[in-house]
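Peer 1: Sequence:
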Amino acid sequence: MVRDEEKYQQAIGLRKRGFTLEEIAKYCDISKSTASVWLKNKAFSAQVTKQNTKRAGQENAKRLALIAKTRTHEREKRYADAERSAKVEFNHYKDDQLFMTGLVAYLTSGDQQDDRLVRFSHKTPDLHRLFVRFCVDYLGAEKQSIHIWLQLYPDSEEEKAMRKWSKVSTLPLHQFYKCQFVNKGSQKRLHDGVGNTIIGSTYHKQKLKAWLRMAKKLW
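Reminder that position 176 of the sequence shown reads as 176 in the numbering used here, one-by-one numbering, no gaps.
Since the hints were made in silico from the structure, they are not lab data. Take these hints with a grain of salt, some might be off.
Computed beta-carbon distance windows for the label pairs [said to hold, decoys possible]: (1) Asp-96 / Val-168: 20 to 28 Å; (2) Arg-213 / Pro-172: 31 to 39 Å; (3) Lys-42 / Arg-78: 48 to 56 Å.
Where is the CB? At the ideal position from N, CA and C, for every residue including glycine.
Taking the hints into account, I'd like the entire structure generated from these sequences.
Peer 2: Right, dumping it as C-alpha cells:
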C-alpha cells in the first residue's frame with residue numbers, strides 16, 4: 001500500500017513512458033527515493049533504466065563529437081589567422097636584422113615538431129636573451145608567458161646557474177621551471193647547463209613555422 005495512490009499510478013505511467021526517476025520525482029512532487037522505492041520491483045522499470053542509460057550514452061557521444069568538431073574548427077581558424085598575420089608581419093620585418101637572427105637561431109636550435117609549443121634549446125644564455133626579445137618584439141608573446149628550465153649536471157650549482165641564466169636571459173626566477181639533471185656518465189659537461197626557453201602557444205608556434213617557411217624561400 002502507498003499513501004498517495006494517485007501519485008503512485010502517475011509515477012508508474014511516467015516510468016512506462018521512459019521518464020527517469022529524477023523527472024518522475026519532479027513531475028509528481030515526490031522525492032527521488034520515494035520514486036525509486038515505488039518502482040524498484042517493477043520489471044519494466046529495469047528495462048527503462050537500461051534504455052535511458054543507452055540513450056544517455058548515445059547523447060553524450062554526440063555531444064563529445066560536437067565538441068571535438070567545434071574545437072577542430074576553432075583550431076583551424078586559429079591556424080588560418082596565424083598564417084594571415086605571419087604573411088603581413090613577415091613582409092614588414094624581413095629586412096630587420098634582429099628578426100632574421102631570431103629565425104636563424106630557432107631554425108638551428110628550436111623545436112620543429114610540437115605544434116603547441118615554442119621551445120628554444122641552447123647552452124648560451126646570451127642567445128636566450130636574444131630569443132626572448134624576439135618573442136616579445138616580433139612574435140607578440142607576453143614576457144610573463146615565457147618560461148625556462150635548465151638541463152644541469154650532478155656537479156652543477158643549481159642556484160648559481162639559475163641566477164646567472166635569470167640575469168642574462170632577463171627572465172625572473174619565478175618563471176623558471178624545475179631543473180633537470182642529466183646522467184653522471186655524460187662526458188661533455190656544461191656547468192651552467194643548457195637552457196630551454198618555452199612558450200605554450202599553438203598560435204605563436206604556427207606563426208613561427210610560417211615565418212620559417214617564408215624565410216627559407218629568401219635564403
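Peer 1: Give me the numbers of the hints this structure contradicts, sorted from smallest to largest.
Peer 2: Of the numbered hints given earlier, the structure breaks none, since each of them holds.
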